[in-house]
Structures are given as C-alpha cells and as structure tokens.
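Asker: Using the sequences and the hints, build the whole thing.
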Amino acid sequence: MTTSKTRERGAAIDIRNATKRYGSFTALDDVSLHIKPGEFMTLLGPSGSGKTTTLNVVAGFTDLTSGELSVGGESILGVPAHKRNIGVVFQHYALFPHMTVGKNVAYPLTLRGIEKGEREKRVRRALDMVKMADFAHRYPSELSGGQQQRVALARAIVFDPPLLLMDEPLGALDKKLREWLQLEIKRIHRELGTTFVYVTHDQEEALVLSDRIAVFNQGRIEQVGTGRELYDEPATLFVGKFIGESTTLRGNAETSGGETSLTVAGQRIVASNKLANGAKPVILLRPEKLSLAPGNKPQADSQNSLTGNISEAIYLGSGSKYQVTLRDGSVAIVRAPLEAQQFAIGDEVDLRWHISDCKLLADDERADLTLT
Amino acid sequence: MSQTIDTTAPGGSGPRQANGVAAQPRRWRLAAYPSLLALPAVLLLIAAMAYPLLTIVSRSFSEPEWGLQNYVWFFSTDVNIQVLLRTFSISAWVTLVCVIAAYPYAYLMTVVGPRMRLVLILCVLVPFWVSGVVRTLAWVILLQDSGVINSVLKAIGFGGVKLIRTPTGVVIGMAQVLLPFMILPLYSVMRGIDLRLVQAARSLGARPALAFWQVYLPLSLPGVFAGAIIVFILALGFYITPALLGGPRSTMLSTLVQSQVLSLLNWGRGGAMGVVLLVSTFILLALAAPLMRQRHKQASRS
Amino acid sequence: MKPFRIILGLFCLLVAIWLVLPTLVIIPMSFNEKKSLAFPPSGFTWHWYENFFTNPDWSSSFFNSLRVAAIVAVTATIVGTLAALGLSRMKHAGAGILRAILITPMVVPGVVLAIGIYAVYLNYQLVGTTLGFVIAHTMLAVPFVLIAVSASLEVFDVRLETAAASLGANRLTTFRTITLPLILPGILSGLLFAFVTSFDEIIVALFITSPYLKTLPVQIYTSITRDADPTVTAVGTIIFLATSLIITGGLIIGSQRRR
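In the order they appear, the protein sequences are chains E, R and Z. So the first sequence is numbered by numbering that gives the first Met the number 0: it starts at 0 and just counts up by one. So the second sequence is numbered by numbering that gives the first Met the number 0: it starts at 0 and just counts up by one. So the third sequence is numbered by numbering that gives the first Met the number 0: it starts at 0 and just counts up by one.
By construction, these hints were calculated from the structure, which means they are not laboratory data. Backbone N, C-alpha and C fix where the C-beta goes; we use that ideal spot for every residue, glycine too. Mixed in with the good hints, there may be bad ones.
For each label pair, taking beta carbons as the anchor points, the in silico distance ranges come out as [to be verified]:
| hint | chain 1 | residue 1 | chain 2 | residue 2 | range |
| --- | --- | --- | --- | --- | --- |
| 1 | Z | F62 | R | Y32 | 35 to 43 angstroms |
| 2 | R | L124 | Z | E32 | 45 to 53 angstroms |
| 3 | E | E244 | Z | K90 | 39 to 47 angstroms |
| 4 | Z | K90 | E | R227 | 38 to 46 angstroms |
| 5 | Z | F10 | R | E64 | 51 to 59 angstroms |
The following residues of chain Z were derived to be distant from chain R, with all beta-carbon distances above 12 angstroms [as the list claims (entries may be wrong)]:
| hint | residue |
| --- | --- |
| 6 | E32 |
| 7 | F43 |
| 8 | H46 |
| 9 | Y48 |
| 10 | N50 |
| 11 | F52 |
| 12 | T53 |
| 13 | N54 |
| 14 | G93 |
| 15 | Q124 |
| 16 | T129 |
| 17 | A135 |
| 18 | F155 |
| 19 | I186 |
| 20 | D199 |
| 21 | I219 |
Answerer: Here's what the structure looks like:
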C-alpha cells in the first residue's frame with residue numbers, strides 16, 4: 000500500500016539489540032529503541048556516546064556488527080544507503096558547491112526520474128517551507144551558515160521521505176540563530192508529520208525540540224522518555240546530571256524501613272525511598288527545588304537541611320543563582336526567585352529542601368568521567 | 000504496510016526502498032579494494048619502467064659475460080671517475096645557485112600584493128611555455144662568444160667571457176631550467192609560515208635579522224630541503240642542456256651513458272654507468288626524505 | 000628596512016630577467032635574415048616560418064608530436080585519475096608507499112630510463128612506432144596527472160558523496176554528478192600536464208625515434224646539433240605564442256567561472 004497525504008506519513012523505526020564494534024572498541028552496545036511514526040526523537044549524549052553511530056546505522060552509512068533494524072516494519076539491514084529513501088541533514092550542510100540552491104534541492108528528484116514541471120513545483124514548495132525561495136539561483140558559497148542549513152533541510156525533505164535524520168544540524172551556528180532555527184525545525188516537523196530523528200549533545204536543544212529523548216552514554220541508552228520525565232525522574236545518575244543543572248550529595252548511608260538517610264559532614268539528611276539492590280546511594284537535587292535560609296534558623300520536619308557558605312552569587316535578571324560550598328567541600332547550585340532573601344559571598348546559610356524533592360540514585364563514577 | 004515509499008513520482012524509475020538485500024555484492028567488492036583502481040598505472044609502470052630498468056641492470060652484469068667487469072672498469076677508469084665527480088659537483092653548484100636565487104624570490108612572492116604575485120608566478124612559469132630543447136638553444140644564443148651576454152659586456156667596456164662549452168655556462172643554463180622546481184616548493188612552505196611569529200619575536204626583543212635567523216629560517220627549511228633535493232636529483236640526470244651547452248670538459252654522466260650505448264653499442268658498460276646514476280639518485284632520495292618532512296606543523300597559519 | 004626592500008626587489012628583478020630572457024630572446028632571432036644564430040639579428044624575414052610550414056621534415060614531426068601527445072594526454076589522464084581515486088580511498092599505510100612508487104618516473108634519470116626502454120623496444124619491434132612513444136610517454140606523464148588529480152581530491156569533501164547517497168544516488172551516479180564535476184579542474188590540469196610532458200619529451204624520444212617517426216623535439220635537437228637551422232627559433236616562437244594564448248584563455252575562463 001502507498002502513503003496517503005494524511006498526517007500518517009512518518010515511518011516507525013525499530014532498533015533491536017544493535018551492536019557495533021570497531022576492533023576492540025564498542026561504539027554501540029546492545030541498543031534497542033522504538034520510535035513511533037511521526038515522532039520527534041532526539042538522541043542525546045556526549046561525543047562518542049553512540050548517538051551518531053546509531054544515526055549512521057539507520058541512514059545506511061554504517062553496518063551493524065549484530066542486531067536488527069527495521070523502518071516501517073521492514074528490515075533494512077544490508078540495504079545500501081541510496082535505496083533507503085531516508086532524508087539526512089548533516090552538521091556540515093553537505094551542499095554541492097557546484098550546483099545552485101535550486102539544483103541542490105532538485106537533485107534527489109532528478110535521481111528519482113521526476114519530470115521537470117513536477118520537479119520545479121516540489122522544489123519551490125520545499126524552499127518555501129524553509130523560507131529560502133528567493134535564493135534558488137544562488138550558489139551555496141554565497142549563503143550564510145544558517146541559510147545553507149535551511150537549504151540542506153529543504154533538500155532532505157523534498158522527496159517526501161518517511162523519515163528524516165539530523166546529525167547536529169545546528170552545531171556550527173551561533174546561539175541566536177540556533178534558537179530561531181530550532182523553532183523552524185519544530186514547525187516543519189508539525190507540518191510534515193514525518194518521523195524526525197535528531198542527534199545533539201545540547202540538552203537544552205533536546206528539551207526544546209523533542210517528543211521524546213534517548214540519552215546515550217558509552218554506547219548504551221541510559222533512558223528514553225519525555226523531557227519532563229528525564230528531568231524529574233532520571234533513571235540513572237548520568238541522566239540526572241546530563242539533563243539540566245543538579246547538585247549531588249554523597250555520604251554514609253543507612254536504610255531503615257522505606258527510608259534512606261545520608262550523613263553529610265555530620266548532618267543527617269533523609270530520602271523517602273531506598274535503592275533496590277544495595278547499591279551505594281547518591282542524592283540528586285534540582286536547583287529550583289532548593290531554598291536558602293540564614294544560618295541556624297529552625298526548620299520544618301518535612302525538610303532536609305545542610306549548612307554551608309555562599310561561594311558565588313550571580314544575578315540573572317529573572318532571579319539569582321548561588322553556589323553554596325557545604326561543610327564536606329561539595330558544591331550545591333541553588334536558583335532563588337527575585338522575591339527571596341538575597342545573600343552575599345561568604346554568608347553562612349542553611350540549604351533546605353522537601354524530603355520528597357530529593358532523588359535517590361545509584362552512584363556511578365562513569366557519570367562524572369563522561370562529563371568532564 | 001502503509002509507509003516508506005513515496006509514489007508521487009509518475010512512473011518514476013528512481014531508487015526505491017529495497018526489496019532485496021544481496022543487491023550488489025560485486026560492486027561492493029570493488030569498493031572494498033580501491034587499490035584495484037591503481038592497477039592500470041602499476042601495470043604500466045612495470046611494463047615501461049621496471050622491466051626496462053631491470054633489463055639494464057641485468058645487462059650491466061651479463062655483457063659481454065657474467066660478472067662485475069663493467070663496474071670494475073667504471074671505477075678503475077680515471078675519466079669515468081672524473082665525470083662522476085663532475086656530475087655531482089655541477090649538480091651541487093646548480094643546487095646552490097638555485098637556493099640563493101630562489102629564497103629571496105619565493106619570499107617576495109609571499110609578501111607582495113596579489114597582482115604583483117601573479118606577475119612573479121608568471122615569470123616562473125614562462126620558461127615552461129617553450130619547449131625545453133628550444134630553451135637550451137636560447138642559452139646557446141645568449142652564452143656564445145658572439146652572444147647577448149658577451150655583446151652587452153663588450154658594449155659597456157668589459158672584455159669577453161668564455162661561457163659556452165664551460166662548466167660555468169652549463170651551470171647558468173641548468174640552474175635557469177631547474178629554478179622553478181626550487182621556487183615552487185619554497186613558496187608553498189613560506190606561504191604557510193605565520194608572519195605573526197616573526198612579529199612576536201620582534202616584540203620579544205629580537206632585531207629583524209635575529210628574528211629572521213631564529214624564527215623564519217628554521218620554519219622555511221623544509222621547503223629549502225624539498226626544493227634542493229628535487230633540483231639536485233634532476234640535475235644529476237640532466238642530459239640535453241650539458242650536451243648542447245657543454246664542451247668536452249663539462250661532460251656529465253648522462254652523456255657518457257648515451258655515447259656508450261648509441262655510439263659504442265656497449266650495453267654492459269653503458270648499463271653499469273646507468274645503474275651507478277640510478278643508485279646514487281635513490282640513495283640521495285632515501286637520505287633526504289626525512290629532512291623534507293615538516294616538523295613544525297603548528298606554526299602554519301590556517 | 001627600506002634599503003633591504005630595495006635590494007630584495009632588485010635581486011628578484013634580476014632573477015626574473017634570468018628566468019624570462021631565454022624565452023624572449025628566441026622571438027627576434029626568428030626573423031633573422033642571416034642563417035646564423037649570432038646576436039644581434041639583422042634584417043627581417045618570414046623565411047623560417049615558411050620553412051616550418053612547408054618543409055616536410057618539420058611539419059611531419061610537428062604532427063607526429065601532436066598525435067602522440069593527444070593520445071598520451073587521454074590515456075595518461077584516465078590511468079592517472081583512476082590511480083588517484085584508488086589511492087584517495089585506501090586507508091592503510093600502503094597508500095603512501097604506492098603513491099611514492101607511482102611517481103618514481105619523475106626522479107629516475109632520463110637517460111637510464113631511455114636506454115632501458117630502447118633495449119626493450121628493440122626486442123619487441125617498438126622502436127619508431129606510435130605505440131612505443133605512447134607507452135613510454137604515458138608512463139612519464141601519469142605521475143603529473145596523479146599529482147594534479149590528488150591535489151583536487153585532497154580538497155574534495157568526501158562527505159558530499161555520503162550526502163548524495165542519502166539523497167538516492169548510487170556509486171556511479173554519485174561519481175558522475177558530484178565527484179567528477181568537483182575534481183574536474185584537477186583532471187583538466189592533469190590532461191594539460193600530460194600533453195605538455197609528451198609534446199616536450201626529448202630524451203626517451205631521441206632513443207626510440209626512427210627516420211620514419213620523429214617527434215618535434217627530436218627534429219629540433221638534430222637541427223641544432225647538425226646545422227644550427229634558425230627554423231628552430233620560429234618553432235619556438237610559435238609554441239610560445241600558442242601556449243600564451245591557451246593560458247591567457249584559461250585564466251580568463253577560470254576567473255569568470257569563479258565569479
């Protein structure tokens with residue numbers, strides 16, 4: 000059956016137990032991921048985490064060592080890249096320098112033997128969609144980076160692929176342009192209804208764009224979920240630290256009943272749950288869940304409290320950001336609204352949060368190594 | 000399954016989603032061995048270079064009979080040793096002249112504006128526009144006793160100088176032919192040297208001459224070595240220019256090889272001379288290769 | 000600083016004169032009325048130009064050279080371009096060694112190569128044949144093509160091929176529509192180098208020539224050594240003017256293309 004012109008134009012992707020080895024180096028380690036039709040999925044992770052390898056495997060640029068890969072329910076393992084009918088947008092634009100913008104966008108249509116009139120119509124439509132229609136007769140070298148990337152996007156969607164892959168497409172652009180193009184990409188995704196797979200190492204970008212995010216680390220997927228799920232309920236310490244700002248606390252742990260308590264520099268703090276298999280626990284705190292109070296003020300029972308000193312105070316306009324150095328030397332990051340009490344460097348403060356706001360996770364030194 | 004293939008293309012015959020996996024094992028195999036593309040070149044090289052050179056080597060050991068007699072003859076005949084030494088010394092002079100002439104010239108190419116640079120490059124390339132043999136004839140016209148140089152010298156009151164059929168004349172002619180091979184590699188290295196490094200040295204207190212000596216010169220040396228080795232090796236094998244400009248006292252090894260083979264039909268001795276020339280060339284190349292590598296990559300400007 | 004600049008400028012002027020003078024001195028000599036190469040020339044005549052076009056020795060050697068050089072340009076460009084493409088796609092260390100081997104004809108002393116080729120050609124009856132010239136000259140020209148094409152492959156962004164594949168182009172189409180147009184300048188300059196290498200080649204030609212097949216350089220050489228025929232200066236002038244025209248034309252086209 001063929002596609003109708005409805006919203007249902009995206010293809011589902013199913014990656015099962017994908018492993019890719021280069022000699023002794025494992026780039027992908029038993030990765031499984033299901034992407035729904037029409038979904039905007041972002042593969043997020045530091046460099047070398049396997050996200051780009053995954054994209055290259057789907058695009059057909061890299062073979063799997065083992066595993067299964069299907070797009071739209073059909074296995075495409077062994078199908079060469081040029082027969083996969085998948086759009087790809089590269090970080091380096093990859094526009095053909097000897098062709099005009101119009102020729103670049105028409106290229107995939109020419110290859111598919113589409114006749115001239117139809118071709119011109121579709122090139123026009125694709126360039127309109129990325130707002131580059133006035134540039135059809137220019138050469139890529141005459142365009143800015145952002146313009147080139149929009150042309151590359153038009154070229155990748157002009158043949159109506161059921162799946163569009165993007166490999167850090169905004170990585171080479173400056174911040175302002177990047178933020179604007181993020182919204183453009185989101186709009187285009189809504190209008191097309193195609194499945195988008197987007198690779199980035201920028202967690203903010205991932206949060207802006209995605210329906211769901213797959214967090215990669217060292218060749219594995221740590222967690223798949225919406226931005227909110229990853230931020231509020233990180234499955235691993237790595238995810239918690241990679242998405243958003245956070246403070247981690249370590250100390251001597253004791254479990255009693257359903258609770259875990261940690262002793263940090265002589266002060267006891269409590270979390271309302273415990274880890275399953277006796278792993279060493281670490282507490283993860285989000286900066287906006289923390290509040291500051293002048294030292295040695297009484298506190299509510301439902302709150303944890305640690306004493307420390309302000310080591311950095313930053314005015315952000317919408318509020319303030321503090322670094323608090325705790326008694327054990329670890330540093331906490333706190334965001335305080337403007338109406339809260341302000342502090343200066345050196346002030347002794349109590350760092351407070353609701354017991355229910357702290358997230359207990361298994362400690363993992365890999366989470367620190369990969370972030371440096 | 001309703002997906003993947005867009006069929007808005009009317010009767011399109013373009014690429015389609017795969018229906019088979021083992022589509023093109025043969026094509027991929029060729030892609031896996033890109034060295035096969037170099038096969039015609041390698042075969043040609045074997046047929047037209049390796050095989051002829053091997054023939055010469057084997058003849059030098061086998062004619063008129065098997066043994067080292069041709070080499071013994073070569074190294075025990077005074078004339079041959081003289082010619083061998085002369086070949087090396089003329090090549091060395093040519094190289095020296097080229098370095099001295101090319102270094103300032105290549106430097107000037109890097110500091111002038113684009114228009115002037117084009118003129119300078121054209122001056123380097125113009126000699127290539129005329130057949131090499133014709134150029135040598137031009138040198139005959141210039142250097143002969145009634146030639147341009149002697150006419151000019153006489154006009155301004157100097158006596159004539161004997162240039163044609165002297166080693167000096169040969170060096171002047173050969174150096175002109177080989178100068179581009181010195182200027183071009185030097186220029187490409189100098190173009191990559193960040194002039195801000197010299198400015199930095201100046202700002203740190205070095206006088207211009209010292210800054211040049213301690214910063215610029217060491218960075219440009221790979222270009223000097225590369226150019227010098229190319230010029231020296233090409234000079235060793237020079238044939239036409241010394242044959243036309245030189246006299247009996249400036250004969251070079253190539254001319255001797257030619258006369259052994261074509262005039263005396265002595266393939267064994269001619270071959271042995273050729274092998275000596277060939278082996279010296281490759282020894283020089285092997286010795287010089289490490290010097291040509293650019294060790295200070297980080298000094299280049301992007 | 001100032002005097003240094005002046006000395007540098009004067010020195011380079013001398014070098015430039017030294018480079019260009021031998022080419023330019025040919026032109027006035029070609030109109031010399033006397034049958035001698037003595038300077039300065041006297042009188043004015045077109046005689047030597049007439050001689051080049053009417054004397055069969057000269058015209059046939061010219062057309063021989065043209066024919067051989069044209070065939071060599073095409074074969075060497077194909078062989079050299081293929082090799083350059085293969086080398087650029089080889090990942091292991093073998094590529095460097097193979098490249099070094101393929102450019103050795105540039106450093107092997109001409110006479111040694113020439114007597115070797117002569118010896119082999121005597122055995123296979125290739126002396127004085129077009130095929131013999133083409134094989135030898137192609138071997139000499141391939142390194143130039145290899146270097147020219149490799150240089151343009153070096154700046155060619157291989158990722159464009161990946162992009163073309165993602166858009167639906169198979170290997171052959173990718174090569175035809177993307178790779179080839181982008182490395183074409185390198186291939187064309189390789190073609191030109193190959194043509195000139197063959198057209199100008201003298202050492203091997205001197206050995207494998209025969210009275211029935213002479214190339215232009217051989218004819219020039221024998222006429223210089225035998226009778227100092229001033230026709231040579233006319234030939235030199237014609238070649239110089241033709242090359243100047245081609246290069247000027249190339250420069251103009253090139254600067255227009257670059258826009």
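Asker: All hints, please: hold or fail.
Answerer: A quick look at each hint next to the structure:
1. Z:F62 x R:Y32: 35 to 43 angstroms: holds (42 angstroms)
2. R:L124 x Z:E32: 45 to 53 angstroms: violated (32 angstroms)
3. E:E244 x Z:K90: 39 to 47 angstroms: holds (42 angstroms)
4. Z:K90 x E:R227: 38 to 46 angstroms: 45 angstroms Cβ-Cβ, so the 38 to 46 angstroms window holds.
5. Z:F10 x R:E64: 51 to 59 angstroms: Distance hint for F10 (chain Z), E64 (chain R) holds at roughly 57 angstroms.
6. E32: holds (16 angstroms)
7. F43: Since the minimum Cβ distance to chain R is about 17 angstroms, F43 (chain Z) lies beyond 12 angstroms and the statement holds.
8. H46: Label holds. Min Cβ-Cβ 18 angstroms, cutoff 12 angstroms.
9. Y48: Since the minimum Cβ distance to chain R is about 15 angstroms, Y48 (chain Z) lies beyond 12 angstroms and the statement holds.
10. N50: Given a closest Cβ separation of 15 angstroms, the condition holds.
11. F52: holds (17 angstroms)
12. T53: It holds; T53 (chain Z) is separated from chain R by about 20 angstroms at its closest Cβ, greater than 12 angstroms.
13. N54: holds (17 angstroms)
14. G93: Violated, because the least Cβ-Cβ distance between G93 (chain Z) and chain R comes to about 7 angstroms, which does not exceed 12 angstroms.
15. Q124: holds (15 angstroms)
16. T129: About 15 angstroms separates T129 (chain Z) from the closest Cβ of chain R, which puts it past 12 angstroms; holds.
17. A135: Contrary to the label, A135 (chain Z) does not stay out of reach of chain R, its closest Cβ about 6 angstroms off (not over 12 angstroms).
18. F155: holds (15 angstroms)
19. I186: About 14 angstroms separates I186 (chain Z) from the closest Cβ of chain R, which puts it past 12 angstroms; holds.
20. D199: violated (5 angstroms)
21. I219: I219 (chain Z) is in fact no farther than 12 angstroms from some Cβ atom of chain R, at 5 angstroms.
The earlier numbered hints that this structure contradicts are 2, 14, 17, 20, 21.
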